[in-house]
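Residue numbers (this note's numbering), protein chains in the order written: chain B, 1262 to 1428; chain E, 4 to 485; chain F, 10 to 110.
Simulated from the structure, these hints should not be mistaken for lab results.
Quick reminder that beta carbons are idealized off the backbone N, C-alpha and C, glycines included.
Possibly wrong hints are sitting among the right ones.
[To be verified] Here are a few chain E residues that sit away from chain F, every Cβ distance over 12 angstroms (derived from the structure):
#, residue
1, 41
2, 95
3, 152
4, 160
5, 162
6, 200
7, 201
8, 205
9, 404
10, 449
11, 461
[Said to hold, decoys possible] Have a look at the derived ranges for each label pair, beta carbon to beta carbon:
#, chain 1, residue 1, chain 2, residue 2, range
12, F, 63, B, 1269, 42 to 48 angstroms
13, E, 274, B, 1361, 33 to 39 angstroms
14, B, 1422, E, 95, 18 to 24 angstroms
15, B, 1361, E, 100, 41 to 47 angstroms
16, B, 1370, E, 293, 44 to 50 angstroms
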Amino acid sequence: MIATLVIAAFMILAMAGAIYAALVPHTLHCIIGLGLTLFGVAGIYLYLGSPFVAAMQILIYIGGISVAMVFALMLSVSLAKKMKHSEIKVILSSIAAILFLAVMARLIMTTEFPLREEPAGAAAWGVEQIGHGFLTTYSPLFIGLAICLSVAIIAAVLVARREADKS
Amino acid sequence: MANVLLILPELTIFLAAILVFKCLILGLSVLHVWRVAFAGSLLGLGACLITLGMTGEPFHPGIYRVDLFSQLMKTVIAAALVLVLVLSDSPPVMRRDAWRELPFFLLLSSAGLMMMTSATELITLYLALELSAFPVYALIVLHRDRRMGSEGATKYMLQGMVASAVTLYGMSFIFGLSGTTYLSEIAAALPELGSQPLFWVGLLLLLAGFLFKLALFPFHFWAPDTYFSSPHPVATFIATVSKVAAIAVLCRMVAVAGWNEASIDGETLRIVLIVLAVAAMTLGNLAALVQKDFKRLLGYSAIAHAGYIVVALQAFSSLGHTAIVFYTIGYLAMTWICFMVACEVGRNRDTVPVSALAGLWQRSPMLALCLLIGIFGLTGLPPTVGFIGKWFLFSAALEDGQFLLVLIAALNSAVAVYYYMRVLRVAYLLEPAKEDTGILAPSPLVVTGAMVACLVVLWMGVAPNYFWEIAAEAIVALGATY
Amino acid sequence: MSLSAFLLVSLVLFSAGLVAIMSRRNLVTILVGIELMLNAASINFMAFNYYTAVDPVVGQIIVLVIIGLAAAEVAIFLSILMVLYRARHDVDVEEIREIRG
């Protein structure tokens, strides 16, 4: 019972944060909305039995990505100003998104998913299993991810550096 | 050991990238870095040719498949990479301090693209898609005009990220319905999955990221802008090398979903593809009519060509797939020729307006002749591969009974003649503008590359048998998997 | 909690991301929209992993990969944003119309 209430609270937090981020006219508030959503999503992961992924979500997403976004915001001062907020565009895109939502929701509700007899227990998927999976079956993913991250860092450094010769 | 041999092409290209990075750290000169990269890409091409006949799965079964189809596509990618590197020797349109990094990023992106052609597991596919995209995002920013570079990169990256997020969302539904991310298992479960509308919605969302790379409607917005605002060699890379991988993945996905007899609902996918193809062809060709910039014009022409390719893709047949593989090889050569001309003419310009081609005949007969062959190919005139390739594409759709679609495609090709011929008219009939009357002298390497590309375009157009047979064999190898 | 509840939550996140992207207010909000969409996909993967997947390790590995790639993407995007800002002193989408033809 309590578990249900808690997960419901996390879900509402995630949805409310997302909707707030989508509609609010201030960039910083938008990032805060994203932060709330990310936190709610971490709670959902916890309920779905993977504390490790939840921890990563908080560490990398909230601790890394959101903070980097706020930094970028601070570095470019004009961003902190209120942005040009066109009501019409927001309304039009909301209508489009709600249409998409309605169609997909109907599809999801009418589809019968091949449910497992019993949801996977927490014992089946500890950190050990994840590590084992990464190093055996999914080794290309592990290698690829490592390459991707190093490429991203090199690229980001090279791009953002100031030009050596302005001539 | 056998496994290492199977991934030799990717490994060679990737090791070359690491070596180039080492050279960057050591502070070698631009020329040396470029030479190392060029040698690496040639080795990569050799590795592709060595592995051309091999079949196998170097990692856990079902994740990564090496067969004739993937190796042929990798060979094409490696060959195109060599050609792009020929143009990437210290291009003045890039920031001076970025010259040394250009080959490094090109190699890395190519390694990602090669992974894409072999990946048979959804997440590996997604990862390869991202790996191939990241270096390109960074390269566009390194334009010498910072404003243009950063704007072009922002647009390209935003649209790319949205497309890949949509891809991921689609993948999640396929994962949910089938309980697996392996394409082979999904193909096996297709008879049950095919009756679920959500599966097809998921598949369509999944295709978004790859349609984006191919610049098909409605993911085409980036193409003209990005071609226009990227440094010329980078635009060449985007227009040639990354297209091949996207086409390879689309072929694979359609082979999984469409060839199976049991998939009755494959019709939905087909109708969507037809609509997208018609929209892409019409929009690309009509918008190209009014373009004044050569690279932007090529961008719209790329959208139209994406449409032609999907005309054959929607046939869901091995004939259609063979036609696509055949056409891709030719398309690559034709596009590279046009971009090579743009690179040479626009050597010291940020943009290449069509008017800059004026008097090309007098400034460099060789370039003018190349442009003639390339443009003839894109228009679809004999004796180039453009004609015979389009013939194959359209006949695959005709065999499937899509008369109306082929009629629309043919009408579109006719419209396209106008703007292609306008380019040739400027190049051959107009006098050069006062400020650029100088003789253009491409380097010997560029001349060699151009000769090879022209030869391929003409050879495939006159005697298509050899290439057609290789393409057919590759598609047989692809079909045998699913 | 049933599977469809999680799927609907993720759908709301995805749609909110669509709104943030389509209303095109400025580049950072578009990035926020993309992150929302990625999170929507992640929730789907985790929920399916819990309720339907054959091997319940797969979904977690996928989500970890997604988180890693998202971090990489954001790093590159923000660095491009810095260059853009230095060149233009503005990060408004509306202003980026110069190269439109």
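Structure-based check of all given hints:
With a closest Cβ-Cβ approach of about 26 angstroms to chain F, residue 41 of chain E is found to remain outside the 12 angstroms limit, as its non-interface label requires. Consistency note on residue 95 of chain E: stated as away from chain F, and its beta-carbon is indeed over 12 angstroms from all of that chain's, at 19 angstroms minimum. Not every C-beta of chain F lies more than 12 angstroms from that of residue 152 of chain E, the closest at about 8 angstroms, which undercuts listing it as non-interface. Residue-level check failed: residue 160 of chain E sits 6 angstroms from the nearest beta carbon of chain F, not beyond 12 angstroms.
At the 12 angstroms boundary, the C-beta of residue 162 of chain E falls inside the reach of chain F, the nearest C-beta of that chain being 10 angstroms off. With a closest Cβ-Cβ approach of about 15 angstroms to chain F, residue 200 of chain E is found to remain outside the 12 angstroms limit, as its non-interface label requires. The non-interface label for residue 201 of chain E is inconsistent with chain F: the shortest C-beta to C-beta separation is roughly 10 angstroms, within 12 angstroms. With a cut of 12 angstroms on Cβ distances, residue 205 of chain E falls inside the contact zone with chain F, its closest approach being about 10 angstroms.
For residue 404 of chain E, the requirement that its beta carbon stay farther than 12 angstroms from each beta carbon of chain F is met, with the minimum near 37 angstroms. Separation of residue 449 of chain E from chain F is adequate, the least Cβ-Cβ distance of about 27 angstroms exceeding the 12 angstroms criterion. Non-interface call for residue 461 of chain E relative to chain F: holds, since the shortest CB-CB distance, roughly 33 angstroms, exceeds 12 angstroms. About 29 angstroms separates the C-beta atoms of residue 63 of chain F and residue 1269 of chain B, a value inconsistent with the hinted range of 42 to 48 angstroms.
Between residue 274 of chain E and residue 1361 of chain B the beta carbon distance is about 19 angstroms. The supplied range of 33 to 39 angstroms is therefore violated. For residue 1422 of chain B paired with residue 95 of chain E, a C-beta distance near 20 angstroms keeps the hint of 18 to 24 angstroms intact. For the hinted restraint 41 to 47 angstroms between residue 1361 of chain B and residue 100 of chain E, the CB-CB distance of approximately 44 angstroms keeps it satisfied. Range check, residue 1370 of chain B to residue 293 of chain E: about 47 angstroms between beta-carbon atoms, so the 44 to 50 angstroms window is met.
Hints 3, 4, 5, 7, 8, 12, 13 from the earlier list are contradicted by this structure; the remaining hints agree with it.
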